[in-house]
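Peer 1: Sequence:
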Amino acid sequence: MRLLKLKIQIKGLCMFARQISYGHVCLMALSISSMFRPAHAQQLEEVEVISTTPLPGAAMSVDQAPFSVKKMDSLEQNSGRESISRSLFRGINGMQVTDNQGNPYQSDVTYRGFSVTPLLGTPPGLSVYVDGVRQNETFGDVVRFDAIPQSALKEVTVLPGTMPQFGLNSLGGAIVMQTKSGRDFQGTQLDAELGDFGRTRFGVQKGWVDEPTQRDFYVNFNSFNEDGWRVLSPSSVMQLFGKMGVVSGDTQTNFSLALYESDLNGNGVVPRSFYEENRAQSYTYFDNTQNTGGQFAVDFTRYLQSGAELTANAYYRSSRSTTFNGDGNENEDYRYGVAEFEPDRAEVENNLGPGTYNLTCSAPASMAYAPGSVTFDENDPAAIDPDSADCPGANNRGVLNQDVVGVGLQYALAPMGAHKVLVGTQLEFGKSDFRRSYALGVFNPDRTVRELYAPIEQVNVEANNRQFGVYAQDVWTLNDKTTLLLGGRYNHASVKTTDRLSPVLINEEGEAGPGLNNDYTYQRFNPSFGISYQTAPRSTWYASAGTSNRVPTPVELACSDPEFPCLLPNAMAADPFLEQVITSTVEGGYRTRWVSGSKQYGFSFNIFRANNKNDILFVTDGAGSGGFFQNYGKTRRQGMELDFDWDTSEWNFGASYQYLDATFQSPARLASEGNSSAVDLNGDPAVEGGFIQVQPGNKIPGLAEHNVKLSLGYKASNSTTLYADMQAQSEQYARGNENNQHRAGVLNIPGQGPVEFKDNGRIPGFAVFNLGVNHALNKNLTLIARLNNVFDREYFNGALLGGNIFDRNGSLVEDEDDITYESFLAPGTPRNAWVGVSFRF
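To convert, count from 1 in the sequence shown and add 214; that's our numbering.
Hint data in this document are derived by calculation from the structure and do not stem from the laboratory. The beta carbon of each residue, even a glycine, is placed where N, CA and C say it ideally should be.
For each label pair, taking beta carbons as the anchor points, the in silico distance ranges come out as:
#1 E1008 - G521: 51 to 61 Å
#2 L473 - S933: 32 to 42 Å
#3 G1024 - E262: 53 to 63 Å
Model the full structure from these sequences, guided by the hints.
Peer 2: See below:
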């Protein structure tokens, strides 16, 4: 088995190595750079092909591709090892995986600064396809990684944002996955694993061909359970995937069914002071997500005698997601006099009696006020003054049901001289139903919330999406060395939301909100162009350019009014119009492969720039996690990547380095709680309700500038293979520090006095090492062992600025002046080991 082919870039590496205190990385990089001179290159026998459209039939050689290609077609090494994002995507150059939730199945995956996530709220920028079926869900463009069994995958390809043929949301690129069939995988394989944190996994896959009927079958079942390394964080995932292929003459038809069920606990970020007390604890509990769903798909390919090819697919996907989140009460619901909690023991006990602080709280009004006529009666104990709420906690619940139906059709014309032309179309209908409620209460000693009142519904919305796309492409072979790729896609999309909430939301003045009733339509044509030139067999220079777009999702439209901020990921209030995001991408580079004796080498170099217009950001309202989505002018993501790999009969080595410069390109004023540079509307220093000024050139938080990945494999004998890998990245800014100006220290806030800011708003760089061994007892039975984070490095995937309403003992602070302003950290997984066995027959 071969390690995933990783890469390395030299520029800036020495500076980065000093940041993470691993100077030998720089020496290794310099030694590798001397190997990039293939003086005696010769053609390799292996020819790799990729598809340049969602449906098959547009295959072209990687050597001809006028864009960068990240392709993995040897996945057995990682087959079934936790989630796709945790163990597979981390091996791809240009990808960062951040476990902000602390759960392997809820990671954010970022490629060149564009994200795809399973959680609502993160602006999406990548499209994901499995067997030609778009996996981005209809309500928020999220992707359920717990629905995709990694052990069922045959190959994964990552293509850049210059390929608009892949449709909406391919701003940073497209992740294209192909599953196994009974023709690629024959026999039966059983996998079992045990490890730290109570981890157990069992998997079985079987494939076969029924020769008399020319039908092939593949079945894959996977079960994963673990207690989690953080407090109260157990998770379980079950996945079932089946596929049947039918061959009849010149026709190939595949039917597939995927079912999944998961129960995930991701405890999110934790204040630095809590982390220092106990690495495994969280801020509040619980943060639970339960997903169930399934997808049925059929694809059809007809090979015509003329050399043309007709391809079609159809699919139906249904899912249900329920969420439960215990947290501080940040609800502002003027229908019932509910306001965000502000610590003030004296006022609470003055209203409710001695000893009542965090033991009870005022009930919300039993009857809703009529919109437009609200008055806060001081004699009504249920009408809470919105500036002195006394319910410290709330359990927030959400239920999201989604149904998607889609069809696609593609016709690849017979080759016409030097031209290979195809046209295609895709149509998708999505319907979603989302409800969100909160139940007020008080905190238990373990920081779970004990409910005192019945849940109150705050969101009840139905959304209908329609996406229609038409695309065309021409692969034009100018000569035996030069290839042009001309393409484009027209997208037409509509987003309609219907508000079913009763009574409707109102603001502090008693005015009724505009509700969520709207119907917006977006359309755009995105062109693409690319050229490749082969200087020698397996050596290619290339360049490409293209545009892509995404439309606002229902979750963004439903939370886009500054007058009615909402809580993420669940609460929404209004949906003013948002512009669609348009991304223009250019890239160019060089790749080569060569053989010298028994050694094989590969090297590639790539530079890229992606400019976003009307980017959509979530802007906090300066008072916790409330806020709204808004169009932000321009942002830019640019950088370079170097790739290198080396293989012999005994050794294989891979390395990657990416430099990513992700910046804001437009000035803006953003709200940010806990930023030391924030000021109020008068320009005076402020903590709550403060604003920061973002300037062009400021770094986008949550993205590391330097990323390095190294891997080494050694075949010690015919039965034993040893593995080692390292992943490292430089520092990044915390969310809330978009102006890059936050500093640690004490600041005098008018009307509040001195306030101490604990952190500098940046996350240090890190390097994590992992080891593994595979030992074959015989041709059927293999033992596997892995040790992750060998040196037990304490590191963080991300962070955000905020105020901590608990003291170091976990008790509520008694006064607003006692709130600690610090970074809330997403800690990385500590050292852990697991062993497994794989039986193939």
